[in-house]
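Guided by the hints, dock chain B onto chain A, whose structure is given.
Protein chains: 2
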Amino acid sequence: MFPRYGKNAQLSDGNNILDAAKDVDIEISAVCGGRGLCGKCRIVVKEGSQYLGAVSHLETMSLSKEELAAGYRLACCALGKGEGATLVEVPPESRVEQQRLLVAGIETTVTRNPSVKKFLVGLSGSSLENVKPDIEILLASLVQLGLPTSLRIGHDALTRLPTAIRKGDWSVTVTLEDREIICVEPGDTTKSTYGIAVDVGSTKVAAYLLDLNDGKVVATASTPNPQIAFGEDIISRVFYASESEKNLKQLQGVVIAGINKLLLETCESAGINVAEVYDAVLVGNTVMHHIFLGISPRFVAMSPYPPAISSSVSVRAKDIGLKINPAAYVYVPPNVAGFVGADAVADVLATELYKSKSLSIMIDVGTNTEIVLGNDQRTISCSAASGPAFEGGHIEFGMRAEPGAIENVYIDPTNLEPGLKTVGDARPRGICGSGIVDAVAAMLKSGIINKFGVINTKLNSRRIRTVPVRQYILSWKEENDLGHDIAVTQLDVQEIQLAKAAIYAGATILMKHLHVEPREIQKVFLAGAFGTYVDPQSAVIVGMYPDVPLERVQFVGNAAGSGARMALLSKEVRETSDQIAQRIDYVELAADPSFQREFTEAMQLPHKDLTRFPTVAQLIKREE
Amino acid sequence: MFPRYGKNAQLSDGNNILDAAKDVDIEISAVCGGRGLCGKCRIVVKEGSQYLGAVSHLETMSLSKEELAAGYRLACCALGKGEGATLVEVPPESRVEQQRLLVAGIETTVTRNPSVKKFLVGLSGSSLENVKPDIEILLASLVQLGLPTSLRIGHDALTRLPTAIRKGDWSVTVTLEDREIICVEPGDTTKSTYGIAVDVGSTKVAAYLLDLNDGKVVATASTPNPQIAFGEDIISRVFYASESEKNLKQLQGVVIAGINKLLLETCESAGINVAEVYDAVLVGNTVMHHIFLGISPRFVAMSPYPPAISSSVSVRAKDIGLKINPAAYVYVPPNVAGFVGADAVADVLATELYKSKSLSIMIDVGTNTEIVLGNDQRTISCSAASGPAFEGGHIEFGMRAEPGAIENVYIDPTNLEPGLKTVGDARPRGICGSGIVDAVAAMLKSGIINKFGVINTKLNSRRIRTVPVRQYILSWKEENDLGHDIAVTQLDVQEIQLAKAAIYAGATILMKHLHVEPREIQKVFLAGAFGTYVDPQSAVIVGMYPDVPLERVQFVGNAAGSGARMALLSKEVRETSDQIAQRIDYVELAADPSFQREFTEAMQLPHKDLTRFPTVAQLIKREE
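Quick note, the sequences are listed as chains A and B, same order.
Count along the first sequence from 1, then add 49; that gives the number in the working numbering.
Count along the second sequence from 1, then add 49; that gives the number in the working numbering.
Chain A extracted, bound-state conformation (with noise of 0.2 Å):
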């Protein structure tokens, strides 16, 4: 029955798909438990749709027509019927592991060629007849390898050459950057060679620890951005930074601290030294980029918004404090503009949207939503500025993607109650960002909330309060280890609302300037480092993105860590990012006469323009 996971299951009449997947260790999300009422356990029936049941009436809840009419139904509800053999698919976001590997981003297969490479080299020592430098019978060894002969060396490499050398008997490790011999170990430490890769996002920071022999990542760690102290929003710290050399010193010095502290924590939990790890990708917003490079951003945010550098950087570690090995050098992608970073080139890298025929549309939620449209031929770019809201933040009980943290919310209809989820399977805490989503649109799936996003008191449910706000209750404090009420707020609707138009007002221009039509676009992106799986339905019925078939959306996690996994590994992959930077044009959304409106209409939920979101009209309960 899933031929494509290498897996066959036997559906035995009456019996559903969830269950006969979990029979052969398909794990299928349903966060209803199987009662057909959260709708996250879509599959695609491809042969045998005669060998099931009919469609229930709650897939035609949960399922758009032109869904169903694809093959799509819950797996809940498909039940076998008779004898015969059926071809199902489970698309990405249904299965729960593949859900767990996207939330660190897709894994794009690179050939592996990184910049930082080690030879073992046997060398033969010098007589008093002929005696030569060290450094001339390592490079005359380096070049018997196939070399090149213009490999030069670095000065921390130098000064441990002559010991290296002796102490290792005549035989070293030299590490390569490039054509820079950076490290000289005695002996053979050809297998210790790591890299770590960083996103360095407004809210968070993630990190990725791979070992460059393989391209495997050996750890991975994440801390919410230190600089958050300094204020929550990138403006604040753009101000703060500019008052003084000092302060920008330490918004600098905050942040690669705390990469540090991942560094420290992904060699500990790898079993290695941080010496070890002789190269590192940071990507990060046109700011955070600026930051963490000790250069002001302070012209950033000034129009007309002019980034110090748009190429790619490359910096010695210890010039910018981060404590890998000290010879080591930092590499930064391009950045396209003020407000469109690194951080989308490497989104951009991971979902290889530069090299597709077909129009895709990149989106990279974060407290600043990069979002590039485009194809092979040409592509652009903004930066809508969303808040923080999709990572929990400024949500009256958001939090972290924490154990407790509630992440999928379903809400059944004819009672008004919902159903949890939470980051593993703990007691509720708070809401992540994935749950505030599901909520938000499980809410106006089942009426809760109308179009403007306003809480329906009038309806008879104990959940919905006005004291001391307008509220759904989620989780009552006896359930939960908050010791209160978790529940959302009429404010925190209205977040939702202004970080989806954002959005959508950004991605409706940038559609404008190629003048194309959401139909057109073959593939959706959704990103982000939110640390859990965000429903692709549940942000499409906000009306976060244009309404396009839901098979053309993929969630990719972070796709930024990624991008920056891919230029860890790959020289090529650097070339390529300094290509693309290039290529994107930035659209300044502030400059655009349109984007007030489109904004505007784009507070509603899922928007003013229902014709612009077909598929959900289908699937809201509507008042009016």
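In short, the hints are calculated from the structure, not lab data.
If you're wondering where the values come from, they're calculated on a predicted model, not measured in any experiment.
A hint or two may mislead.
It does not matter which identical chain is meant; a pair holds if it fits inside one copy or across any two.
[Unchecked claim] Distance condition first, Cα-Cα at most 35 Å in a straight line; then the derived DSBU-like pairs of lysine-lysine:
id, residue 1, residue 2
1, Lys404, Lys114
2, Lys181, Lys367
3, Lys71, Lys216
4, Lys310, Lys295
5, Lys310, Lys298
6, Lys406, Lys181
7, Lys572, Lys181
8, Lys372, Lys216
9, Lys181, Lys404
10, Lys71, Lys95
11, Lys295, Lys130
12, Lys181, Lys507
13, Lys298, Lys216
14, Lys181, Lys298
Structure of chain B alone, referenced to chain A:
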């Protein structure tokens, strides 16, 4: 009379040339005050010798037959006779002013083309319609100035770029080091472009601050090498550094701290800030070179004495802790071998020995004395372990060339009474290197010591004593500021014998290698950071170098410092230095079978084989 110096003087009947020169402000050295005793006021009569009185007896005691034949006279003894024009040359070694200049090292003219250059650049801002990164705007303007398109920007300059551009109102000064933009400063700072050349001797560190815009030395300073605290001789320091990484860092730290002190001192005296120093050249012997670069010198001192590197090195100032502009680089010329370092290469640059068709020998006297023999065809070098005696070290009353140091000595052969000249004409406090060389030569000439260096206690002079050791008193305690009689002891004479024997043996072995005789040497360059002017005649009398006609001998002072200054002023000199270093062959004295015999024979004054020193033979009293 002195057309070469643009001066004419009348020599009246019976007056001497010394006085005539004084009348037109040509200061000729005359320690004895014009009494014909010290032999320092040598001049060369080129024309009109018939208008001078006959050669006096005193002159025959100070000048050899060959010198007299060549027109040499003592200025104080050459009297006018009748009416007629004479044409007189004053060799540089007889001119007080020249002597002072030469101490700092000869000035060899170079075409000024420093590695570091500043450019004033006017920029055009960018608009919302056409936002360009700051660096692109800058690079485009530099290309318009005719600079190459392949310039790159250093990290430090990049961090300062956005602020500098706005602060300078779109006018900035760019500092280029080769193809790297190392600094960007607001407004026009092109006038302040300084560089520092540093000669790191084992015993003394000398620094020269240069204005790179006109190539002039604007301040100089020197200090004892602070590493002396860790061992007076190089080998003790190598042992100390080899004990641990910490010890090496400590030795590096103290010498760099010493250089930083000189940097501050010269900058203060020139009234500039250390950040206005954008380039530095450091020279030193191979061990000094390794230590200030932070490379273990351990193996340099172990057979076969391989240096870590022999090509030139460019390292960022902050990587070795040098407190010039933080973005600047330090250039270190190449080494030849374990004991012939970047300082010797600088010597060869300054003396231009490598350019000359005729044979020259360069002797850079120091604790280790580098000797280079050759011409434009072939050049060989060696290092002689001469010890610190010529710098006043290991001498009972030795001191640095500071005020009160006895720098010139003559002894009246009739009564064995000395005449002294001190630095700054202050009351005596001790003896510096040039003073001890003068004293030993005078003692030999006057018969106070014999060819074995033994003080003749049978002579009738109250200045010769045997208690506590054999000694000759230069200055009674009543006449000096030391509060103690200042003497040359038997051990002092022996130190000088050991030192000069090492040098002479080294020079002899080089001559053997090239199969040349002393008379084939057209030029002897006597170098060394003595702090005062060493009288070449005294040096040859003690037998420090082969006895060649005195006019072929040139005291070139701190030639290593001169070479360092040349490298600071010219990129071409840097290129040349790498070629020179490749070309200079190295002779390991310890490995030469005849070294021990040569050394032993050279212990005598001037040498066991007096036929090797025909000129000196005429000047000294011999008892045998």
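Now the hints, each set against the structure:
For the identical chains of this complex, Lys404 and Lys114 are intra-copy neighbours only, at 32 Å inside a copy versus 91 Å across copies, given an alpha-carbon limit of 35 Å. When the C-alpha separation of Lys181 and Lys367 is checked against a cutoff of 35 Å, the pair qualifies both within a copy, at 31 Å, and between copies, at 29 Å. Taking the shortest alpha-carbon separations for Lys71 and Lys216, neither the intra-copy value of 57 Å nor the inter-copy value of 66 Å comes in at or below 35 Å. With identical chains, the CA atoms of Lys310 and Lys295 are at most 35 Å apart both within one copy (22 Å) and between copies (27 Å).
Proximity of Lys310 and Lys298 under a CA criterion of 35 Å is satisfied in both settings, with 18 Å inside one chain copy and 28 Å between copies. Proximity of Lys406 and Lys181 under a CA criterion of 35 Å is satisfied inter-copy only: 29 Å between copies versus 57 Å inside one chain copy. For a Cα distance limit of 35 Å, the shortest separation of Lys572 from Lys181 across copies, 31 Å, qualifies, whereas the shortest one inside one copy, 61 Å, does not. In this assembly of identical chains, Lys372 and Lys216 lie within 35 Å of each other by CA distance both inside one copy and across copies; the values are 25 Å within and 33 Å between.
Taking the shortest Cα distances, Lys181 and Lys404 sit within 35 Å of each other only across copies (26 Å), while inside one copy they are farther apart (51 Å). Within a single copy, Lys71 and Lys95 get their C-alpha atoms as close as 19 Å, which meets the 35 Å cut-off; across copies the closest is 113 Å, which misses it. Taking the shortest alpha-carbon separations for Lys295 and Lys130, neither the intra-copy value of 72 Å nor the inter-copy value of 79 Å comes in at or below 35 Å. For the homomeric pair Lys181 and Lys507, neither the shortest alpha-carbon distance inside one copy (91 Å) nor that between copies (56 Å) is at most 35 Å.
For the homomeric pair Lys298 and Lys216, the shortest alpha-carbon distance between copies (19 Å) is at most 35 Å, but the shortest distance inside one copy (40 Å) is not. Proximity of Lys181 to Lys298 under the C-alpha cut-off of 35 Å is restricted to the inter-copy arrangement: shortest distance 25 Å between copies versus 45 Å within a copy.
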